[in-house]
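As given, the protein sequences belong to chains A and P, one line each in that order. So the first sequence is numbered by numbering that gives the first Met the number 0: it starts at 0 and just counts up by one. So the second sequence is numbered by numbering that gives the first Met the number 0: it starts at 0 and just counts up by one.
I should point out that these hints are in silico values taken from the structure, not numbers from a laboratory. Be aware that a few hints might be false.
Straight-line C-alpha distance at most 20 Å; calculated PhoX-like pairs for lysine-lysine [unchecked claim]:
#1 P:K100 to A:K38
#2 P:K119 to P:K171
#3 P:K42 to A:K15
#4 A:K15 to P:K27
#5 A:K165 to A:K110
#6 P:K119 to P:K42
FRET-style restraints, in silico, Cβ to Cβ [stated by the list, open to error]:
#7 A:V75 to P:S104: 42 to 48 Å
#8 P:R96 to A:R52: 21 to 27 Å
#9 P:R191 to A:V49: 39 to 45 Å
#10 A:L67 to P:P107: 38 to 44 Å
#11 P:K177 to A:E19: 51 to 57 Å
#12 A:L67 to P:R191: 23 to 29 Å
#13 A:V49 to P:A202: 55 to 61 Å
To spell it out: a stretch of chain A is covered by chain P in this simulated footprint if at least three of its residues, at any positions, have a beta carbon under 8 Å from a beta carbon of chain P; those stretches are [unchecked claim]:
#14 19–32
#15 52–66
#16 80–93
#17 96–103
Bear in mind that the values here come from a model prediction, so they are computed numbers and not experimental data. Beta carbons: idealized from backbone N, C-alpha and C, even for Gly.
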Amino acid sequence: MIDVALASLIEDMIEKAGAEGVVEFWQRVGDNLAGRMGKEAYLGWTSFNVAVREARTAFSIEGEVTPLTDMAITDVDGDVVGYLYAMRQCCYVPTIFRTRFAVGRMSPADKAVTEEYNENVHNIAVCNFCVFHERFREEIAKNVTVSGNPLACFLLATRGWSGETKISSKNVVQVNINEDHVRALLRNYECVYALVLRGARLKGER
Amino acid sequence: MPSDARMQDSNPFVEIATHLFLEDLAAKVGVAGLNNYLVSLAKNLAAAMPREEYASWTEFVGAVRDSQSILSTFEEVRPVTERCMSTLRSPFERGWREYAKRVGSFAPVHREVAEYYNHKVRPTAVTSVHIVLHTFREAAAARIRVGDDGVRYEPVAAAWVDGTVQLPEGPKLESLLKRAGITRTKLGMLLRNHSDVWLLEPA
Numbered sequence: 000m001i002d003v004a005l006a007s008l009i010e011d012m013i014e015k016a017g018a019e020g021v022v023e024f025w026q027r028v029g030d031n032l033a034g035r036m037g038k039e040a041y042l043g044w045t046s047f048n049v050a051v052r053e054a055r056t057a058f059s060i061e062g063e064v065t066p067l068t069d070m071a072i073t074d075v076d077g078d079v080v081g082y083l084y085a086m087r088q089c090c091y092v093p094t095i096f097r098t099r100f101a102v103g104r105m106s107p108a109d110k111a112v113t114e115e116y117n118e119n120v121h122n123i124a125v126c127n128f129c130v131f132h133e134r135f136r137e138e139i140a141k142n143v144t145v146s147g148n149p150l151a152c153f154l155l156a157t158r159g160w161s162g163e164t165k166i167s168s169k170n171v172v173q174v175n176i177n178e179d180h181v182r183a184l185l186r187n188y189e190c191v192y193a194l195v196l197r198g199a200r201l202k203g204e205r
Numbered sequence: 000m001p002s003d004a005r006m007q008d009s010n011p012f013v014e015i016a017t018h019l020f021l022e023d024l025a026a027k028v029g030v031a032g033l034n035n036y037l038v039s040l041a042k043n044l045a046a047a048m049p050r051e052e053y054a055s056w057t058e059f060v061g062a063v064r065d066s067q068s069i070l071s072t073f074e075e076v077r078p079v080t081e082r083c084m085s086t087l088r089s090p091f092e093r094g095w096r097e098y099a100k101r102v103g104s105f106a107p108v109h110r111e112v113a114e115y116y117n118h119k120v121r122p123t124a125v126t127s128v129h130i131v132l133h134t135f136r137e138a139a140a141a142r143i144r145v146g147d148d149g150v151r152y153e154p155v156a157a158a159w160v161d162g163t164v165q166l167p168e169g170p171k172l173e174s175l176l177k178r179a180g181i182t183r184t185k186l187g188m189l190l191r192n193h194s195d196v197w198l199l200e201p202a
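Just need the whole structure built from these sequences, with the hints factored in.
This is the structure:
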């Protein structure tokens, strides 16, 4: 119930702090939750990807995550420094459906926060919850080490419950993945992100 | 929650995030401010839902029992008598369990705001989510007509997932039990394995 009520809380907060205030709140909540999840260490990508598949990592709190091990990210020397990860279902979609069938329609507050984020922070959100969990993933990536190196997270693409898609051109370039490959993934997945070793010299970086 | 294939029981990750949201809010506006936000969000939620009308009290109680009323949108309600309702499992249980598993123990502010509510409004909240639940039920009941009458809600007792029970004492409890048509012993029996016992009556 509290997930459905969240939209009503956001409506209230928009009145008091504006949509930009809600964006700041959500980002701080992402920081706080990640800070309470603890650190994790893995010997290498194989053990990390197995842990992701078995839902043992902090990333798994969002729901079922699939490591796309056929889509490796390489650095300027051609070494594998990361992979793509994807969720078949956006973690907010169940709440959208619960709201649809409990209240009747989604609150306009959801759209207001989404648009604020897309215009002023990162044009990748398809719902207000994207604001929170993009930051959440970025922060937990810092607390996860693979072969002794902390990770960095780049949100690449999202698909909303009504079919609209968003692809982050800057992040796709950064991790040197072809945008068409990411677009094709959106046929099967609703959220695609990359995890790479922090500080790796990526091909897409200038 | 209705046993509808389109509906999922809950969304624990979003619930966890919402609890963290509330904790952050409390750090900014204090316990009294958080209480105001919780009351306001529950009222807004109920106000966003359609009004209801029933020809008779029997039809109304049947709709509540069969998950056709807004009062049973988020919980499975079992009528005990014509006026006394019980909820088997708290609609917040899954979210709380997931929070405890993934994040750790619940932040103290959830109990603190419940104590504030118990002192200021009515003594029936164990934790922050009960403020949402009681206010929502009260506001939702006010949107229902049965014949020519409105509907009034009052909580009798709430039991949290960890077994903590909160209920009024003395004459207030006796009055509630009498209107609900149950005894103190029956209430104790219900609270062993139910999360909430509440009263609906014509207004």
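For R191 of chain P and V49 of chain A, compare the CB-CB distance with the range 39 to 45 Å and indicate the outcome. 43 Å, holds
Would you say the stretch 96–103 of chain A counts as covered by chain P, given the rule of at least 3 residues with C-beta under 8 Å? It holds, with 6 qualifying residues against the three required.
Pair hint outcome, K100 of chain P versus K38 of chain A [Cα-Cα no greater than 20 Å]: With a Cα-Cα distance of about 15 Å, the restraint between K100 of chain P and K38 of chain A holds, given a limit of 20 Å.
Straight-line alpha-carbon gap K15 of chain A to K27 of chain P, limit 20 Å: Cα-Cα ~13 Å, so holds.
I want to verify a distance hint. Is the separation of the beta carbons of L67 of chain A and P107 of chain P within 38 to 44 Å? 41 Å, holds
Can you tell me if the stretch 52–66 of chain A counts as covered by chain P, using C-beta to C-beta distances under 8 Å and a minimum of three residues? It holds: at least three residues are needed, and the stretch 52–66 of chain A offers 3 whose Cβ sits within less than 8 Å of chain P.
Note whether the CB distance of V75 of chain A and S104 of chain P lies within 42 to 48 Å or breaks it. For S104 of chain P against V75 of chain A, whose Cβ atoms are near 46 Å apart, the range 42 to 48 Å holds.
Satisfaction of hint between K171 of chain P and K119 of chain P, Cα-Cα up to 20 Å: Status holds; Cα separation ~15 Å.
Given the hint of 23 to 29 Å, check if L67 of chain A and R191 of chain P actually sit that far apart at their C-beta atoms. 49 Å, violated
Establish whether the coverage given for the stretch 80–93 of chain A by chain P is satisfied; the threshold is a Cβ-Cβ distance below 8 Å, and no fewer than three residues must meet it. holds (count 3)
Hinted pair K42 of chain P and K15 of chain A, Cα distance within 20 Å: 17 Å, holds
Can the restraint linking K165 of chain A and K110 of chain A be considered satisfied, given a maximum Cα separation of 20 Å? 15 Å, holds
Violated hints amount to a single one, hint 12; each of the other numbered hints is respected by the structure.
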